[in-house]
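Trainee: For reference, the chains in residue letters:
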Amino acid sequence: MAFVFNFPDVGEGIHEGTVVEWLVAEGDVVAEDQPLLKVETDKAVVELPSPKTGTVLKIHFAAGDLIHVGDALIVIGDAGESVPDSGKGTTALPQGSDAVSAPEVEVADQPATAVATGSRRPLATPKTRALAREMGVDLSKVSGTGSGGRITDDDVERAARGEVSLTPPASVPAAVEIPANVTITADGPVERVSLTHLRKVIAGAMRSSKQISAHVTHVEEADATALMAAYRDLKPQIEAEHDIKFSVLPFFIKALVECLKDFPMFNASVDEEAGEMVLKKYYNIGIAVDTPHGLIVPVIKDADSKDMIQLARQVADIAGRARERKLGLDELRGGTCTITNIGPLGGVFATPIINQPELAILGLHKIEQRPVVRDGQIVIRDMMYLSISFDHRWIDGAQGARFMTQFARLISNPNLLMARL
Amino acid sequence: MVVGSVVKGCQVVVIGGGPGGYVAAIRLAQFGKDVIVVEKRARMGGVCLNEGCIPSKALIHAADVAFEAGHAQAMGVTVENVSVDLAKMVQWKDGIVERLTGGVSFLFQKNGVEVVAGEARFIDDRRLAVATEDGVIEIEFSQAVIATGSSPMGLKGFEVDGETVIGPTEALSLQEIPKKLVVIGAGYIGLELGTVFRKLGSEVTIVEFLPEIFPTMDPEVGKTLKRSLKKLGIKVHLSHQAQTLESGSPAVVIAVDRDKDTTLRLEADKVLVSIGRVPNASGLDLEAIGVALDDNGFVSVNEKMQTNVPGIYAIGDVVGGALLAHKAYQEAKVAAEVICGHAAAFDSLVPAVVYTDPEIAVVGMSETEAREAGHEVVTGSFAFKASGRAMSLNSTDGFIKAIADAESGLLLGFVAVGKGVSELIGEATLALEMGAFLEDIALTIHSHPTMSEAVQEAVEAALGKAVHQVNK
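Heads up: the protein sequence lines correspond to chains A and B, in order.
Those letters in the first sequence? Residues 1004 to 1424, by the working numbering.
Those letters in the second sequence? Residues 15 to 486, by the working numbering.
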């Protein structure tokens, strides 16, 4: 009996995704738990494993297609078996041994002849439509650059090469070589690059956070000299013993957790409907990771119960997997407060955006040697700025200042931090 | 294998030599396939060439000539005693049919398409049994194209006997003009043939079950047509159900008003039954290979003309939709190309033409369909009564209406009623297939004086820029 594998509900909040690539093809034999496809959801690319062993009879979506929870993705059964109705308006039919025609078989609800007049059609000439069929391009996904938005042969060819459609080049100066994906506008050459799913998700999250929260940022200065001395002392020992790359970040995670214990409203969210502040009694720290694909924020669960070595190991692991887009969805959810470490990239300090529904985000800025006054003397110290951006609707500025003072105190006096661990 | 049968093999077998079947066969042969066509008629061409499109249009034109000769007094032409020899007219028509069906056979011969005369049924999904005059022939194939067409639908109490009760086929071969003709069904066949016999002198009454003529088309179409039929002297009884036939000379058709409790008694020398068509899907043993049919008995296919059984294709009337030869042509080409591994699919608009007087031609979406598809709609019309060419043809009934998306101006459909609009719908169809906008047609010169100017005028009206009529 053929089995229709639907896009599973991979967890709270995730209701759609984009097919990144298929790891199997129709006709392939797959084993249970073998990865079938990669799907980009919210902030991760996940591999969906096969729920059973069998032959791939039918694949329903192509790379780049948007899928929703419950959509039939793939049909797995015995070789030669007929394919059941996918239940979403299209019926897949078996192709069997009819290798000559070997086309993809998808039957509309009605015979094709009944379809011709009713629905909206892509704006393309019959010749262009034939070309699209030949090149396997879905015209409904191509934007036309022709007059009135007509899809041209060039648009189809570009789409087949995986390039984005561009507005038509106007008069191009003969001497200037213009790359194929750059077009000349009245104001100058422009390149259009289509937005990734991740970029759209980030954009949506950032915009809504700015709309939801009353952001305010409090900045404090810390003297990290002692902390850096401790770090430099520990690093070779820990790295030799534990085969990990030890960074300074675990100190900050620990300091943050301690501050969150002191100021619980920074480790909270607000249930406006119920009129309640939800103070979290667990400490899941989000770590903003800069990846080539865009910002991803994996979460270190129960950071309070992990030692710095465990934290260092986990930070290295999730940051690496975030860059490879290999994080599981559960590793991206459930944060209670977030750290963004902007320091290595330069700047004095920044005003990060809160990761909803959290109430605060801690900014770590660069540590550098600066002359400061200690006991009436100008001395050189490892100085850094720390920022806390919080939701001023629920947290007063005074609380922000107190939180930051305490945090800077723990960073400036690592022994105080150690004493609390 | 059937005992005692002859076995033939081919790559593709095409069942039916009508517009779908013969086009598929020729296209397949052009691609180098070894093709056999199974046809139960003695002649190729199916209903279209033998008793449909072509013979009816021959009689329509001949009837027009006779009618216009007698109705040209306004133009200063008086022809006394126009006489019609129906037997000769039918003979002339038969000559045309002969030439065209012979033409198909010639093309088969030149393309190396083999014909097996007989009735086919499926043994399994790779074999057909064909009952021929010389016994059963078994044909083994890799792919089959079902192109068996459709037949007139029967009506209980009005079974075709060839004498009093006739179908479209018999109507095209009458030897005498019936004095009184009752047509049951105001579909395109009933209207076309009713008009022919009215023009030849019959007293014609049409009984239609539905409350409107062409209820799914633009309401202006039915309105214009009703006016024209009245002018021709054809009586139309809408919302009437033909119930019984009293034999006699003349016979009497009893029709009941579906709204009121009244009954009509209509005398008839001939009763033409034309209430629709049914697919020729039974008798093929399709169930033996599991080919799926829809609720109305048409073969279900996808846009590649594939049935649910691998290697079995179906095209033309037997798959439903618009039962029109040109739709079958296109489906035939799609099926042939898919069989030969090309990336073909049916995604064409199907224009429809009715050869009434005036003619009706439509393509694309109606205004209602366009709205249902979510368009903000703008329309523009031009009535032929303002057309110099229509006046000079002494034929000013009708109009052309363009339907477009109001926001973008993208053309969505055309409705045309008028003399010769069957020839104008080609332009309209091309415009829609090319994705034309109102401006594209407005900026295209249409030669003067022609009926085609009306297309440009209608489009300009939609843009609020008509010159030869007052803009709304």
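Source of the hints: derived by calculation from the structure; they are not laboratory data.
C-beta: ideal position from N, C-alpha, C; glycine also.
Accuracy of the hints is not assured; some may be wrong.
[Stated by the list, open to error] Straight-line C-alpha distance at most 25 Å; calculated SDA-like pairs for lysine to any residue:
1. K1144(A) to L444(B)
2. K1144(A) to M448(B)
3. K1369(A) to T1408(A)
[As the list claims (entries may be wrong)] Taking CB as the label site, the calculated pair distances span:
4. D308(B) to K1055(A): 28 to 36 Å
5. H1018(A) to K479(B): 42 to 50 Å
6. P1011(A) to R55(B): 38 to 46 Å
7. E1019(A) to S119(B): 56 to 64 Å
Trainee: Against this structure, judge whether each hint is valid.
Mentor: Hints, one by one, checked against the model:
1. K1144(A) to L444(B): Holds: K1144(A) and L444(B) sit about 24 Å apart, inside 25 Å.
2. K1144(A) to M448(B): It holds: about 19 Å lies between the C-alpha atoms, which stays within 25 Å.
3. K1369(A) to T1408(A): 18 Å, holds
4. D308(B) to K1055(A): 28 to 36 Å: For K1055(A) against D308(B), whose Cβ atoms are near 33 Å apart, the range 28 to 36 Å holds.
5. H1018(A) to K479(B): 42 to 50 Å: 48 Å, holds
6. P1011(A) to R55(B): 38 to 46 Å: 57 Å, violated
7. E1019(A) to S119(B): 56 to 64 Å: 58 Å, holds
When each numbered hint is compared with the structure, a violation occurs for hint 6 only.
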